[in-house]
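Engineer: From first to last, the protein sequence lines stand for chains H and C. Letter by letter, the first sequence follows residues 1325 to 1526 of our numbering. Letter by letter, the second sequence follows residues 242 to 320 of our numbering.
I should point out that these hints are in silico values taken from the structure, not numbers from a laboratory. Take these hints with a grain of salt, some might be off.
One side of the interface only, derived from the structure: several residues of chain C facing chain H at Cβ under 7 Å [said to hold, decoys possible]:
1. Leu278
2. Ile279
3. Ala280
With a Cα cut of at most 27 Å, we get these calculated DSSO-like pairs of lysine-lysine [as the list claims (entries may be wrong)]:
4. C/Lys267 to H/Lys1501
5. H/Lys1522 to H/Lys1452
6. C/Lys277 to C/Lys311
7. C/Lys267 to C/Lys311
8. H/Lys1392 to H/Lys1345
9. H/Lys1501 to C/Lys311
10. H/Lys1501 to H/Lys1452
11. H/Lys1381 to H/Lys1392
12. C/Lys277 to H/Lys1452
13. H/Lys1326 to H/Lys1392
14. C/Lys273 to H/Lys1501
Where is the CB? At the ideal position from N, CA and C, for every residue including glycine.
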Amino acid sequence: MKQTVDARGLLCPQPVVLTLKALVSADEVVTIVDNQTAVENVTRLARSKGCAIAIDKKADGIYLTIHKGDAPVEMTQADAAVTCPSGEPAAGPLVLFVPSDCFGRGPEELGERLMGAFFHTLRDVEPKPATIVFMNTGVKLVVEGSRALEDIRALADSGIEVLACGTCLGYFKLMEKLSVGRVSNMFDIASILLKAGKIVEL
Amino acid sequence: MSSCDAETPYGVVLFRSVQAALAAEKILAGEKIAHKLIAVPRHISSNCGFCLRIQWADREAVERLLPAEKLGVEGIVPL
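Same shape as in the complex, but just chain H:
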């Protein structure tokens, strides 16, 4: 039985996962991809399963024809955990991590103003993060009197999750002054960072 997998436009690990699923039942699978990373990943998969693979570059995509070997193909635990090379957009939300109230290293006077300007500008640029995590002196940005407060509030109102490290607010005695977002703990923050598709740290 022959099966075709159209993986054009799909990001890692989808081409590999779909090809593998098809290989479990079909004898011949033609996977169509549109980038070199997918070619390499699917080729690696085919070889690891003892399959023969032929690569044909056509105008509308790269056709990978995979013939199953004698042994049956099964999905293993290892296959389920396909890792994607870095530099490729991974599945998962965009998280902005703010560990300081200063943008960059240098004089505070400059760093604080750059940070204020950053959050003002963030309102007008895309893509927006799904979550912003404020940590260490970064929590000073989400409390009363912060120059970035109005802009962070507008971002929160637009649906962005704003989290402030509770330990940090406690350390700086700012818990009562939190003005936007919600207090979070290390379990939530660690989980959000680890599940992120991409983290941008300021």
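Model the placement of chain C on the given structure of chain H, informed by the hints.
Structural biologist: Chain C alone, transformed into the frame defined by chain H:
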């Protein structure tokens, strides 16, 4: 919003240097004039990456407080 009509709610004060922008920020804060230090919007060109957003209605007061020659002001334009 590029028109210069009086209804434009905001204007921006442009500066020749970051130092000039920071000095002007202190003056406006001292005079309790509403302002916000922001990055110069993409459609405006300036020597300095910072500018001060002000209420357009405060423009004349700001002009008085920030003499252009002395304080490195490039101009005040509507936002």
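Engineer: Taking the hints in turn, state whether each one holds.
Structural biologist: Quick rundown of the hints versus the structure:
no. : hint                   : in the structure
1   : Leu278                 : 5 Å, holds
2   : Ile279                 : 5 Å, holds
3   : Ala280                 : 4 Å, holds
4   : C/Lys267 to H/Lys1501  : 24 Å, holds
5   : H/Lys1522 to H/Lys1452 : 12 Å, holds
6   : C/Lys277 to C/Lys311   : 21 Å, holds
7   : C/Lys267 to C/Lys311   : 15 Å, holds
8   : H/Lys1392 to H/Lys1345 : 13 Å, holds
9   : H/Lys1501 to C/Lys311  : 39 Å, violated
10  : H/Lys1501 to H/Lys1452 : 26 Å, holds
11  : H/Lys1381 to H/Lys1392 : 21 Å, holds
12  : C/Lys277 to H/Lys1452  : 22 Å, holds
13  : H/Lys1326 to H/Lys1392 : 10 Å, holds
14  : C/Lys273 to H/Lys1501  : 23 Å, holds
Violated hint: 9 only; the structure is consistent with all others.
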